[in-house]
Amino acid sequence: MARRRLPMTTVVRRIVVVVCLLVVLAASALWRQSFAAFSATVSATGSLSAASQFVTCVARTMTPVWMSGFEGGVLTTGGNGFFNIINGGGSTLDTAAPRTGAYALRIVDASASGSQQYVATTIAVTKTLVTRFAIRLNALPSGDVAQLAEFVNDAGQTRSGQLGYNAAAQRFTFGYGSGTKQLSSMTVTAGTWYVVDARMNTTANPNVADWAVDGVAQTQATYAGTSGNFFTLRWGGNTSGDMFDIRFDDIVVDTDTANYPIGPGGIHRLAPDSVTAVTDANGYLQNDDSTAVTGASWDRLDDVPMSTMTDFVKQTAVDANAYLEVGLQNTAQPGCVNAVQGLLSVRSSATQANSAKVSLFDDATERVVLSGDMSPGTSAGQYKATPVAAGSGPWTVAKLNALRARMGYATAMGGQPYFDAVFVEADISS
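Count along the sequence shown from 1, then add 1; that gives the number in my numbering.
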């Protein structure tokens with residue numbers, strides 16, 4: 002005998018509907034998590050978020066030999082990590098057309114017979130060099146340019162890596178000084194930023210140079226001959242007769258060939274925004290007006306340009322345990338952190354030698370920006386830019402946002418150290 006189906010009550014129907022909805026929602030959540038795991042992407046904060054916030058990060062542990070977004074607003078030879086040479090009078094930092102942040106480096110060579118226009122910094126010798134930089138031709142040169150940027154080799158200019166410009170083709174060129182220069186696959190448009198990645202290797206014969214523009218791989222350049230060492234980074238030209246008007250921004254230079262290509266990214270400034278600790282039993286840490294440091298003293302350390310001398314924090318006597326700790330802005334830039342450096346501007350009450358220290362800290366790791374003599378006097382700033390390691394593993398947004406800056410720790414007192422500015426530059430890919 003067939004069973005008679007009992008009618009479903011209103012309550013039962015509602016229960017069934019709710020259960021079905023719960024099953025659908027659970028399955029949807031599981032699918033989203035599975036998709037995120039499968040695609041191996043996480044948000045910039047390291048947690049799952051909306052699809053538009055997912056960024057695929059290249060896990061690299063990179064401490065560059067040199068980097069700059071020029072966010073200190075100072076073009077100087079007065080400190081390690083900035084420049085060793087500023088040649089000619091055509092180089093400035095300006096705010097008219099930066100790619101990222103507030104500043105870019107502009108270099109103008111307007112004379113076919115004048116001195117070469119460039120800035121340069123010396124690095125430890127290396128047979129391998131990896132770089133990523135942004136370049137903008139404010140106007141297209143009327144003639145060929147041998148060097149817009151040059152990676153100088155101690156075996157001579159014939160072995161130096163060079164980015165140039167071919168006027169007839171309106172394309173970038175890249176290669177070694179006396180080797181065949183390869184043309185970029187794209188033509189160059191005036192007033193447009195281009196991101197150039199390059200990897201140069203002189204460990205074997207032939208020397209090779211890989212490069213890319215805006216992520217598009219270009220034809221490899223080679224040069225036959227004995228190997229040499231890269232030792233200077235030169236931005237601008239070193240050939241008489243070359244004329245150009247260019248800007249640079251977002252420069253990162255490393256020696257690990259595995260980090261090529263560094264890829265698109267921009268360098269951002271993170272300035273002090275709070276006082277997080279004061280250890281000063283004797284009251285030797287003071288503001289520029291000789292009042293005690295307070296929770297508002299961070300505002301005396303965030304000047305841009307860094308050459309501003311109107312306010313500062315100072316240490317007035319020896320106390321190796323005294324320090325002021327300031328919190329730094331959290332980055333609002335989504336993406337993956339490639340590299341980080343600390344920047345510092347100091348002066349002193351006199352030119353007699355002293356010894357103090359500025360470091361970046363998180364809860365576990367100290368990263369020294371400058372330790373030792375800080376006594377340039379009252380009128381001239383001493384600057385330091387120091388790329389720093391993440392500690393264990395690569396940099397993340399969480400590690401970057403955990404950084405704090407400490408200054409003080411004076412162990413010798415000639416001139417009192419004046420701390421004018423301290424902040425962080427971070428290269429972030431998005």
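Incorrect hints may have been included.
With a cut-off of at most 16 Å between alpha-carbon atoms, the simulated EDC-like pairs for lysine to aspartate or glutamate come out as follows [said to hold, decoys possible]:
{"#": "1", "residue 1": "K128", "residue 2": "D281"}
{"#": "2", "residue 1": "K358", "residue 2": "D304"}
{"#": "3", "residue 1": "K128", "residue 2": "D95"}
{"#": "4", "residue 1": "K182", "residue 2": "D155"}
{"#": "5", "residue 1": "K128", "residue 2": "D211"}
{"#": "6", "residue 1": "K182", "residue 2": "D211"}
{"#": "7", "residue 1": "K358", "residue 2": "D281"}
{"#": "8", "residue 1": "K128", "residue 2": "D145"}
{"#": "9", "residue 1": "K358", "residue 2": "D374"}
{"#": "10", "residue 1": "K358", "residue 2": "D300"}
{"#": "11", "residue 1": "K400", "residue 2": "D374"}
{"#": "12", "residue 1": "K358", "residue 2": "D312"}
Computed beta-carbon distance windows for the label pairs [claimed, not checked]:
{"#": "13", "residue 1": "T227", "residue 2": "S431", "range": "51 to 61 Å"}
{"#": "14", "residue 1": "T78", "residue 2": "T188", "range": "47 to 57 Å"}
{"#": "15", "residue 1": "A97", "residue 2": "N322", "range": "16 to 26 Å"}
The hints are simulated quantities; they were obtained by calculation from the structure and are not laboratory data. Given the structure is predicted, the values throughout are model-derived calculations rather than measurements. Quick reminder that beta carbons are idealized off the backbone N, C-alpha and C, glycines included.
Structure-based check of each hint:
For a cut-off of 16 Å, the pair hint linking K128 to D281 is broken: about 47 Å separates their Cα positions. Only pairs whose Cα atoms come within 16 Å are accepted, and K358 paired with D304 is rejected, the gap being roughly 19 Å. For the proposed pair K128 and D95, the alpha carbon gap of about 33 Å is over 16 Å, so the pair is violated. The straight-line distance between the Cα atoms of K182 and D155 is roughly 20 Å, outside the 16 Å bound, and the hint therefore fails.
A hinted pair counts as satisfied when its Cα atoms are at most 16 Å apart, and K128 with D211 qualifies at roughly 14 Å. Our distance criterion of 16 Å between C-alpha atoms is met by K182 and D211, whose separation comes to about 12 Å. Distance check on the hinted pair: K358 and D281 sit about 15 Å apart at the alpha-carbon level, within 16 Å; holds. Proximity of K128 to D145 is assessed by CA-CA distance (about 28 Å); at most 16 Å being required, the pair is judged violated.
Proposed proximity of K358 and D374 is supported: the alpha carbons are some 9 Å apart, at most 16 Å. At most 16 Å may separate the alpha-carbon atoms for a hinted pair to count; K358 and D300 exceed this at roughly 20 Å. This hinted pair does not check out: K400 and D374 have alpha carbons roughly 29 Å apart, beyond 16 Å. Our distance criterion of 16 Å between C-alpha atoms is broken by K358 and D312, whose separation comes to about 19 Å.
At roughly 42 Å, the beta carbons of T227 and S431 sit outside the given window of 51 to 61 Å. As the Cβ distance of T78 to T188 is approximately 36 Å, the hint placing it in 47 to 57 Å is violated. Taken as a hint, the range 16 to 26 Å is violated for the pair A97 and N322, whose Cβ atoms sit roughly 46 Å apart.
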